[in-house]
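S.K.: Here's the letter readout for the chains.
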Amino acid sequence: MSGSAIARSNAAPKLLGFVSVLLFFAVIEAVIRAGWLNRYIVPPPSEILGSFYRIIAEEHVLRRFLFTTAECFAAGVMITVFGVGLGVLLQRYELLRRACETWVAALAAAPVVLAYPLFMVIFGRNAVTIVMIAFVAALPAVILKTIEGIAGTRRVLLNVGKSFNLTPAQQFWKIQFPAALPVIFTGLRLGLIFALINVVGVEFLINYGGLGQLIEDLAERYDLAGTYAAIFFVILVSVLFFMALERIERWLRPVD
Amino acid sequence: MAETGRLTQSSRRSLMGSVGLLRIALILALLVIWEGLSRSGLLYRDVVPSLIAIAHALFDLLGHRAYYFHLGVTAGEIALALAVGGGLGLAVGILLGANRFLAKAYESFLYYLGPTPKIIFFPVMIMWFGVDVQSKIALGALSCFFPVALSVAAGMRQIDKVLIRVGKSFRAKTWQMVTKVYLPAMRQPVINGLRLGFGVALIGTLLAETKLSNKGIGFLIVNAYSTFDMPRMYAMLIVLFALAIAVNALIGRLGGLHSIRKS
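Going line by line, the protein sequences match chains A and B. Okay, so the first sequence: first residue is 15 according to this note's numbering, each after it adds one. Okay, so the second sequence: first residue is 679 according to this note's numbering, each after it adds one.
Looking at chain A on its own, in the form it has when it is part of the complex (with noise of 0.2 Å):
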């Protein structure tokens, strides 16, 4: 198969997602234009493309957006140098790894973002109780995965390692740890996509900070057209979020 021929069997496709989803809201546009679906419960897709500009320009978007960026990168920062030293601690002392990785596992598992009044009532309602719920959501897994790119380095490396005499100080710096950073990086993906959904979460749930609260206030105020358009903001916002934190990871891996 010659290359445009390749471009092309994906362009199809691509473009079938592309135009179904305009078709889709042309089609929403039109039931609401006829009357069969109430405009008060969906408003029609090109008011909602109207209110874009009203949010951006009247509900401080770029001051919200900047004010959740901030509190993601609060988390991020915390889950890193926590969550990356809580892994490498684990991986180095068999004994506590064995003792504590399932206990890890189930609060992966917990729904930490549930404790949200408990946070409200230690922290008070700020954007440190948001920070620190994100932080708690997001710790597990890159603590598992620090703990899986250790342990998964490979033996041969190792072997290495001790046929040049290295200290364990070094066995650990010079191999074990840029070893293990591609898994180590995909934990620090994972736990950043988990900050974000509980920052914008628990902003919405708290009514306070950033873009979360923007869609709260717009509810409240019973903006119909304007609440819609929020979230489709926030949603892009996050999507774009998730796709340059891949471009990030893949730039960093190194190749295999």
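It is worth saying that the hints were derived from the structure and are not from the lab.
Only pairs whose alpha carbons sit at most 25 Å apart, straight line, appear in this in silico DMTMM-like list of lysine to aspartate or glutamate: (1) Lys-782/B - Glu-263/A; (2) Lys-893/B - Glu-234/A; (3) Lys-782/B - Glu-260/A.
Covered stretches of chain B (in silico footprint by chain A; criterion: 3 or more residues with CB under 8 Å from a CB of chain A, positions within the stretch not fixed): (4) 791-803; (5) 875-881; (6) 900-907; (7) 914-925.
In this text, a Cβ means the ideal position worked out from N, Cα and C, and glycines have one as well.
Starting from the known structure of chain A, fit chain B onto it as the hints suggest.
M.R.: Structure of chain B alone, referenced to chain A:
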């Protein structure tokens, strides 16, 4: 050989013994630190309530009949959310897994929409389905649709081509292919998808309950928050976390135990 076998077995046993001891020591240390913090007065009173108060609240909670009513409401919501969202996810997953063209067209939407925060759809769900349990079920279903669909689609593509060809050579109908070939062959990814789906359905449903409801566990948690009944809130979170982790492990074990044998 037998000697070394016995040796490693006994050393493993002693290792397991010390792991158990370490676990007990860690738990005890945690409890002692907690109680110490609670009595020290360093933090605001009631933020770290005494263990006795939490235990008391736990017994009180579990002995209360009303709690089981609320637990039942939430469990019902989650079950329905799993049935609706999981069922739709399964159907879409099979469709995308079976058809490469459709997968190329639509799967990236699911892939990127999957991890977005679903709770922000709650205002829309309230408008569509009302303030009662339906909106919570809808949010739970929306949450669990994505992991199930993606996991099933990926599982479909890993099915041994031979199995599919056997089914086709027997001229199995689509429905027969689904029930006799696809589903048994990808039991593991399906169950894994359901495990992930259960986790997010639980979060979606309960968060919706904390936001706006008059029954269910989420309502009780927010109620404890607004009356500042901290021991009760801790008790409820402990029970909830234990239940969530247990169900998660149970579904996971289901997937592990019955994994299809590779020939």
